[in-house]
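Participant: One letter stands for each residue in the lines below.
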Amino acid sequence: MFTKLKSLLYNNEIRAILFQVLAVVVIAYFAYQAFDNMMLNIEQRGIRSGFGFLSDEAGFAVNDNFFLEYSPASTNLQAFYVGIVNTLIVAITGIFSASIIGLIIGISRLSSNYLIRKIATVYIEIFRNIPILLQILFWYSIALNTFPSARNSINFFDSIFLNSRGLYLPKLIAGTELYLVLASFVIGLVGYIFIKKRSDKKHDETGVKTNTIPHFLALVLLLPIVAYFTFGVQLEYPALKGFNFRGGVDLSIEFFALAFSLSIYTATYIAEAIRSGVESVDKGQKEAAAALGLKSSWAMRLVILPQALRVAIPPIINQYLNLTKNSSLAAAVGYTELVTIFSGTVLNVVGQAIEIVMLTMLVYLTISLVISLVLNIFNKKMQIKGR
Amino acid sequence: MNKYLKIVSASLLAVGFYNAQADTLSDVQAKGSLTCGVSTGTPGFSSPDSSGNWSGVDVDVCRAVAAATLGDAKKVKFVPLTAKERFVALSSGEIDMLSRNTTWTHTRDTSLGLTFAGVNYYDGQGFMVRKSLGINDVKDLDGATFCIQAGTTTELNLADYFRSNKMGFKAVTYDTSAQTKGGFEAGRCDALTSDVSQLAGLRSTLKDPSSAVVLGNVISKEPLGPVVRKDDNTWLNIVRWSLNAMIEAEELGVTSATIDNASTSPGVQRLQGKSGKLNESLGLSKDWSRNIIAQVGNYGESFERNIGMSTPIQLPRGVNQLWIKGGILYAPAFR
Ligand SMILES: N[C@@H](CCC(=O)N[C@@H](CS)C(=O)NCC(=O)O)C(=O)O
Numbered sequence: 275m276f277t278k279l280k281s282l283l284y285n286n287e288i289r290a291i292l293f294q295v296l297a298v299v300v301i302a303y304f305a306y307q308a309f310d311n312m313m314l315n316i317e318q319r320g321i322r323s324g325f326g327f328l329s330d331e332a333g334f335a336v337n338d339n340f341f342l343e344y345s346p347a348s349t350n351l352q353a354f355y356v357g358i359v360n361t362l363i364v365a366i367t368g369i370f371s372a373s374i375i376g377l378i379i380g381i382s383r384l385s386s387n388y389l390i391r392k393i394a395t396v397y398i399e400i401f402r403n404i405p406i407l408l409q410i411l412f413w414y415s416i417a418l419n420t421f422p423s424a425r426n427s428i429n430f431f432d433s434i435f436l437n438s439r440g441l442y443l444p445k446l447i448a449g450t451e452l453y454l455v456l457a458s459f460v461i462g463l464v465g466y467i468f469i470k471k472r473s474d475k476k477h478d479e480t481g482v483k484t485n486t487i488p489h490f491l492a493l494v495l496l497l498p499i500v501a502y503f504t505f506g507v508q509l510e511y512p513a514l515k516g517f518n519f520r521g522g523v524d525l526s527i528e529f530f531a532l533a534f535s536l537s538i539y540t541a542t543y544i545a546e547a548i549r550s551g552v553e554s555v556d557k558g559q560k561e562a563a564a565a566l567g568l569k570s571s572w573a574m575r576l577v578i579l580p581q582a583l584r585v586a587i588p589p590i591i592n593q594y595l596n597l598t599k600n601s602s603l604a605a606a607v608g609y610t611e612l613v614t615i616f617s618g619t620v621l622n623v624v625g626q627a628i629e630i631v632m633l634t635m636l637v638y639l640t641i642s643l644v645i646s647l648v649l650n651i652f653n654k655k656m657q658i659k660g661r
Numbered sequence: 558m559n560k561y562l563k564i565v566s567a568s569l570l571a572v573g574f575y576n577a578q579a580d581t582l583s584d585v586q587a588k589g590s591l592t593c594g595v596s597t598g599t600p601g602f603s604s605p606d607s608s609g610n611w612s613g614v615d616v617d618v619c620r621a622v623a624a625a626t627l628g629d630a631k632k633v634k635f636v637p638l639t640a641k642e643r644f645v646a647l648s649s650g651e652i653d654m655l656s657r658n659t660t661w662t663h664t665r666d667t668s669l670g671l672t673f674a675g676v677n678y679y680d681g682q683g684f685m686v687r688k689s690l691g692i693n694d695v696k697d698l699d700g701a702t703f704c705i706q707a708g709t710t711t712e713l714n715l716a717d718y719f720r721s722n723k724m725g726f727k728a729v730t731y732d733t734s735a736q737t738k739g740g741f742e743a744g745r746c747d748a749l750t751s752d753v754s755q756l757a758g759l760r761s762t763l764k765d766p767s768s769a770v771v772l773g774n775v776i777s778k779e780p781l782g783p784v785v786r787k788d789d790n791t792w793l794n795i796v797r798w799s800l801n802a803m804i805e806a807e808e809l810g811v812t813s814a815t816i817d818n819a820s821t822s823p824g825v826q827r828l829q830g831k832s833g834k835l836n837e838s839l840g841l842s843k844d845w846s847r848n849i850i851a852q853v854g855n856y857g858e859s860f861e862r863n864i865g866m867s868t869p870i871q872l873p874r875g876v877n878q879l880w881i882k883g884g885i886l887y888a889p890a891f892r
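Which chain is which? The protein sequence lines are L and R, in order.
Per the numbering used here, the first sequence starts with residue 275, numbered consecutively.
Per the numbering used here, the second sequence starts with residue 558, numbered consecutively.
The hints are simulated quantities; they were obtained by calculation from the structure and are not laboratory data.
It is possible that part of the hints are untrue.
What the hints assert, rightly or not - Each pair of labels, with its calculated beta carbon distance range:
1) R:S842 / L:N403: 53 to 59 Å
2) R:D606 / L:S345: 39 to 45 Å
3) R:A735 / L:R402: 25 to 31 Å
4) L:F430 / R:P605: 44 to 50 Å
Just so you know, even glycine gets a beta-carbon here, dropped at the ideal spot from N, CA and C.
Only chain L is shown next, with the shape it has when bound in the complex (with noise of 0.2 Å):
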């Protein structure tokens, strides 16, 4: 019995096991520690504590707000999601923006024109460089001083304004003609996708190609704005009233500030793992591309980046959620996103630290499983597709 017990200990999976049930109790026992000792020092002193404030008149006004309903009358939970929209808007425009620089910048590290190649790199080696936050103060400090005051706007067809506050541009407002529109361009983008898809079947089976950029432009851009101009969609203008532009949609000049330095920032990483995705496929692919006389623009898209991609893609998952995180540094230039609404001034009218950074975290930790899920997805996808 004893001699048993003796070797099962001996054993190393079993001993592999006990190890880290010892180490979870141990971290649990702090933790718990922590928690409990924590909870004594609020009650002593008197920190309110639970998650009342919520329901709480915000008090304060927030200066990007895309379209939900917020003034300082409204809730702290209000303002909440407020922070969490812009924390969004401001990371996917961020995304978007930084994928398109980091291809392009990516692909003419590779290029075989000197002077592109060269740019690339310099620009790499600049903007990666350079702390993000350094970045981020300097294109917000170059956009206060070089556009124009409100007064003096870049005017286009009085219907788009920029000055140093902001863009701002017309509104389109909700109601049946709006939706006759959006409808028509969702038709349009059913039939195209419908048409192309039947092409590429035929292309596939038969290898005769159809041109179906006709069938695109009548489709997606035509119907929606014939029938834009057949309904008419009502507009509401932005105009300057008093001290500013009312009315209209407002980008400010700070969330402009943050996601065009996260962008150029970030893109300098997706430009580098898309260059190692590249280099990574075999040169021998390539040739045999050329081989079977592609052209190396059509190489490129059709044989060396989807290989390169698969390679890239986990990278790039990593700098959307690097991304995203960044964006909470918005503090400095006053982009009113999650960590300055609500961990900044709700935490400051509150005091309820450990609530808000609790929410705050979840947030946050919510967007990144939700950014690695959706790329792991696509990432196995393009694994199984490629062998």
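Since the structure of chain L is provided, determine the placement of chain R with the ligand on it from the hints.
Facilitator: Relative to the frame of chain L, chain R with the ligand by itself:
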């Protein structure tokens, strides 16, 4: 992640492990220095000079407490904090006290686990506007954009005021006063709003001070004072009475130059530590209040040296005058 979030989470951890048995005085004496939270730079209140020496009326409160507890007003370690960081820094124990133009409000006093130890400057919220706008009343600022600092009462008062007057406004919220000023200078906002006392200082540091004017309107009460943690009553008393000693000395007409002069006044003798036992319940040495006045000066001296009419800030005493001279400055009886 971001630096601010890091500070907050580290502080939360610290709160978790923080020992509830607080004895700040012993901690300070064991360290041999007082760690005092101040602003990142508010001329006249707390700002460092080019060689890193801090000065200002808020700084003098820190120095007074150091003189009382350590016998040396120079033994202070200053920790510059933005408005957002200050309360977390205090409750986590990173600083021993906070003396950073902080408004005494109900919420801050009752639900943050902190206590205000007194008022060292009675302030109110005001506005600075670009002179070229030709505006001389807040009521003309309907629809304007304001530069403000995050985590301040300023944010809330602004919203309250414009709401109750049914006026529209936009606010761009920055982290530090340097950024807030930068936004104003670059024209991001039409007006900068903050405590009146800071407007004068901020204006004096603009590239072109004459391009801006401070409006006469005051829209709120901002009693500014030092703050301590709630769990240490002795420490609260030390900070409260160090400030009171400065006010009392002015009322008695005692200055840093005259504190050691022989006096027959019982009040002065108590301040000199020659009679009475005011030190005992605070756990300090007999000369604690004498050290404050000798090394830092009385309230009026500190005021004139840092923000008075002979300084660039040029603030009048106004309500911050002693009660016997028509102001509201009033120290409870020093006996
Ligand atoms: N008294 C107000 C405002 C205090 C405040 O932080 N004001 C700003 C004015 S711009 C300041 O002093 N900033 C200095 C700094 O950030 O270091 C409060 O307690 O909330």
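Participant: Of all the hints given earlier, name the ones this structure violates by number, lowest first.
Facilitator: Violated: none.
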